[in-house]
Amino acid sequence: MLRKLPPYLMVAPLMLFIALFTYIPILTSLDLSFRAWDFLSPDRPWVGFENYQRLFASHSFWQALWVTTLFVVISVPLRLGLALAIASFLLRETMASRILRGALFLPYVTSTVSIAVVFSWVFSTDFGLVNGVLGALGLPRPSWLQDPMLALWVIIIVNTWKQLGYDIIIYIAGLQAIPVELYDAAAVDGGRKAHVFRRITVPLVMPTTYFLLVISVIEAFQIFTIVDVMTHGGPAGATNMLVVELYKIGFSLFDIGQGSALAVILFVLLVVLAFVKSYVIGRKVHYES
Amino acid sequence: MNRDRILTTLALLGGVIFLSPVLYSIWISFQTANAYYTHGLEFTFNNYTKAIGDFGFARYLLNSLIVSGVVTVGGLFIATIAAFAFARFTFRGNNLLFGAVVTTLMIPSHISLIPNYLSLAKVGLLDSYAGLILPAMANGFAAFFLRQYIRGIPRALDEAAYMDGASHMQVFWRVIVPVARPAVLSMGLFIFISEWNNYIWPLIATGKRDMYTLQVGLARLYQTNPGEGFLDWPLIMAASTITLLPVLIGFLLVERHFVRGITMGAVK
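Protein sequence lines, in the order shown, are assigned to chains B and H.
Just so you know, we're using the numbering used here here: the first sequence kicks off at 1 and counts up by one.
Just so you know, we're using the numbering used here here: the second sequence kicks off at 1 and counts up by one.
Read the hints as simulated data drawn from the structure, not as lab findings.
Note that the structure is predicted; figures quoted are calculated from it, not measured.
Glycine residues also receive a C-beta, built at the ideal position from the N, C-alpha and C atoms.
Warning: the hint list may mix true and false statements.
Reference excerpt, derived from the structure (chain B facing chain H, CB under 7 Å, subset only) [unchecked claim]:
1) Pro7
2) Phe21
3) Val109
4) Trp121
5) Thr125
6) Asn131
7) Gly132
8) Gly135
9) Phe224
10) Thr225
11) Phe267
Examples of chain B residues lying across from chain H (beta carbon under 8 Å, computed) [unchecked claim]:
12) Phe17
13) Thr22
14) Phe34
15) Leu65
16) Ile178
17) Leu182
18) Leu253
19) Ile265
20) Val271
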């Protein structure tokens, strides 16, 4: 009997924490999403789908969904395109390539809050780096973070700057898995560089692209820190992402019911994406382990 | 030969340009506010003493170190020992429990924000180290990754130790952990960096300034605008440097482990 115990004891702490802080919260969120509660009153009356209805009737929910989608649709292809182009330049193990890889990767491990603060300065209207350069060139100096047309672009640029290094590292690993003979054959046939890139590199690195595509879509849907620090979702909701909206409803307005409803919607959205991910990766990615 | 040197110089230049926002912000952190706004040059360490003393960054630094340290050591132990059990023992429910661990990789953490806030508020753990640490203790990814790694370790090693009369715990500490060291280190670094940079949970779980982590402290400092009208950018940049530098230095020391960790995790 005692001999049977050790494996259970060994997995017990992990399972306990997972149950307490992941699985039970999912059920709690689901339950709370059907109740009206402001965190203070003693009872939490059951209201059915009212929280969801209120959410679907609110302008800011649809705005958040739209802005988040826009962010995902613009930022993900931008990141992957840049990363693939840069990775194919940094493929060889030279000193220069190692230095650049290191520099490009650093932002990925750096504090997102620090980066958001630094870039708030970079894009600040009066004393910022960007407007300093634009001013010196005699160009107009826009109010980047106060202009609804520009603020989302700033968020996209900052996020790309931070995440690019990760994509590049993964792409380099993927590119190195392509057999050299294919490139040699193309060289013998006299293929031009752009042609080789389009006909050999891009198709053969597709599994890595699928992997990065799904991962970064999932991650982009959850963007919060950069937006919270730089714009709070403003101006006029131009950068109001789903998690920012969730934070506002749940922790500024303390509308626990509606906040939970939004959390459940986000959960369903991302779990669907996660299934797409395991399907895509199971089907399309064949790396030896 | 010469071409290599030119390429290396160009790469250095490219790297500096790419990192220039951060490098320039560190530069600003050593200037006086006065010099910064009048485009003069006047250097000082005052911004650092002000951030650390007057604005509480010594306390935030301590909080970040405690929280990230405990989460890393505790989370790593919990994940590694579970990974050992999943990799080496056949027991009823092994696959089911492991499936539950892997599933957490698909579950967005934002679903638990409100419930975790409510339950920690109920037991009075908001604004405490326990409240910051406990929800981060389970790391499904580390457990999954380490199980795969441990499965690759030849069983003959365990069996030899068992023959010598070793207990399960002895096999774990004396055989598995040393052999899996590269993977364990990579994961430890990964956990430390993500916890150090964690923002949304400390933001929610702390209300008192004394319990802020560096990330929350920096965001609040920036948002509450200590410069009366103008932002005191040099002060803010000093605070930002304090927040990003420890992880950056640690990362540079063990970069290779970290990069191997993420590529192993992704390309598999």
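Problem - Restraint satisfaction for Gly132(B) [CB to CB of chain H, less than 7 Å] - result: violated (10 Å)
Practice task
Return the status of the interface hint for Leu182(B): holds when the least beta-carbon distance to chain H is below 8 Å, violated otherwise.
Solution key: violated (19 Å)
Handout entry: Hint check: 8 Å Cβ-Cβ cutoff, Phe17(B) to chain H
Key = holds (3 Å)
Practice task
Verify the interface restraint on Phe21(B): the C-beta must sit less than 7 Å from at least one C-beta of chain H.
Solution key: holds (5 Å)
Practice task
So, Val271(B) near chain H? Judge it on the closest CB pair being under 8 Å.
Solution key: holds (6 Å)
Exercise for the section: Under 7 Å, Cβ to Cβ, is where Phe224(B) needs to be relative to chain H, so tell me if that hint holds or is violated. Expected result: holds (6 Å)
Problem - Evaluation of the interface hint that places Leu253(B) against chain H, nearest CB under 8 Å - result: Since the shortest Cβ distance to chain H is 12 Å, the answer is violated.
Practice task
For the hint on Val109(B), just tell me whether its beta-carbon gets within less than 7 Å of chain H.
Solution key: Given a least distance of 5 Å, the restraint on Val109(B) holds.
Problem - Phe267(B) as an interface hint toward chain H, with CB separation required under 7 Å - result: Constraint on Phe267(B) satisfied, holds at 4 Å.
Exercise for the section: Mind checking the CB of Ile265(B) against every CB in chain H and telling me if the closest is under 8 Å? Expected result: Since the shortest Cβ distance to chain H is 10 Å, the answer is violated.
Practice task
Verify the interface restraint on Leu65(B): the C-beta must sit less than 8 Å from at least one C-beta of chain H.
Solution key: violated (15 Å)
Handout entry: Proposed interface contact between Phe34(B) and chain H, which counts if any beta carbon pair is under 8 Å
Key = violated (14 Å)
Consistency note: the structure conflicts with the earlier hints numbered 5, 6, 7, 8, 14, 15, 16, 17, 18, 19.
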